Amino acid sequence: MNKVYAIEVTVKVVGGPSRLIEGADVRLLCSADANPPDVTYKWFINDQLVAGDPTTELVLTNISRKQHDSIVKCEVHNAVGKSEESETLDISCLFNRFGVEL
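Here the sequence shown stands for residues 1 to 102, where the numbers follow the numbering used here.
Keep in mind that the hints are not guaranteed to be accurate.
Computed cross-link-like contacts, EDC-like style, restricted to lysine to aspartate or glutamate with a CA-CA straight-line distance of at most 20 Å [to be verified]:
id, residue 1, residue 2
1, K3, D33
2, K12, E75
3, K3, D90
4, K66, E8
5, K12, E57
6, K12, D25
7, K82, E57
8, K42, E75
9, K66, E84
10, K66, D38
11, K12, D47
12, K3, E57
13, K42, D53
14, K12, D90
15, K42, E8
16, K66, D90
17, K66, D33
18, K82, D47
19, K12, D69
20, K12, E22
21, K42, E57
22, K82, D33
23, K82, E22
24, K82, E8
25, K66, E87
26, K3, D53
No wet-lab data here; the hints were simulated from the structure.
Please read all numbers here as calculations on a predicted model, not as lab measurements.
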């Protein structure tokens, strides 16, 4: 017997520090455990749908401080329903020893 169960979703920043540096690229990974396993993904930034072909990975290039505290959400759907998980971006800008932004 094949047991059907709700989707469990996790989102994490991959391969980087917990605090992100302005100007860097950020890679987020969404993983889902579901049965039935045929799932679809949608990514959102501050509740705005991210355009493109949704996959388990989202890459944000050249991030800026304007994106600090942005909420990146992965929403996963299957025949049973949907589930979501989010990650808040923590972005730092760099300063030189004189306190001037670089």
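The hints, checked one at a time:
no.: 1; hint: K3 x D33; verdict: holds (13 Å)
no.: 2; hint: K12 x E75; verdict: holds (13 Å)
no.: 3; hint: K3 x D90; verdict: violated (39 Å)
no.: 4; hint: K66 x E8; verdict: violated (30 Å)
no.: 5; hint: K12 x E57; verdict: holds (10 Å)
no.: 6; hint: K12 x D25; verdict: holds (14 Å)
no.: 7; hint: K82 x E57; verdict: holds (18 Å)
no.: 8; hint: K42 x E75; verdict: holds (5 Å)
no.: 9; hint: K66 x E84; verdict: violated (24 Å)
no.: 10; hint: K66 x D38; verdict: violated (36 Å)
no.: 11; hint: K12 x D47; verdict: holds (18 Å)
no.: 12; hint: K3 x E57; verdict: violated (27 Å)
no.: 13; hint: K42 x D53; verdict: holds (9 Å)
no.: 14; hint: K12 x D90; verdict: holds (13 Å)
no.: 15; hint: K42 x E8; verdict: holds (15 Å)
no.: 16; hint: K66 x D90; verdict: holds (11 Å)
no.: 17; hint: K66 x D33; verdict: violated (33 Å)
no.: 18; hint: K82 x D47; verdict: holds (16 Å)
no.: 19; hint: K12 x D69; verdict: holds (15 Å)
no.: 20; hint: K12 x E22; verdict: holds (18 Å)
no.: 21; hint: K42 x E57; verdict: holds (10 Å)
no.: 22; hint: K82 x D33; verdict: holds (12 Å)
no.: 23; hint: K82 x E22; verdict: violated (33 Å)
no.: 24; hint: K82 x E8; verdict: holds (9 Å)
no.: 25; hint: K66 x E87; verdict: holds (16 Å)
no.: 26; hint: K3 x D53; verdict: violated (30 Å)
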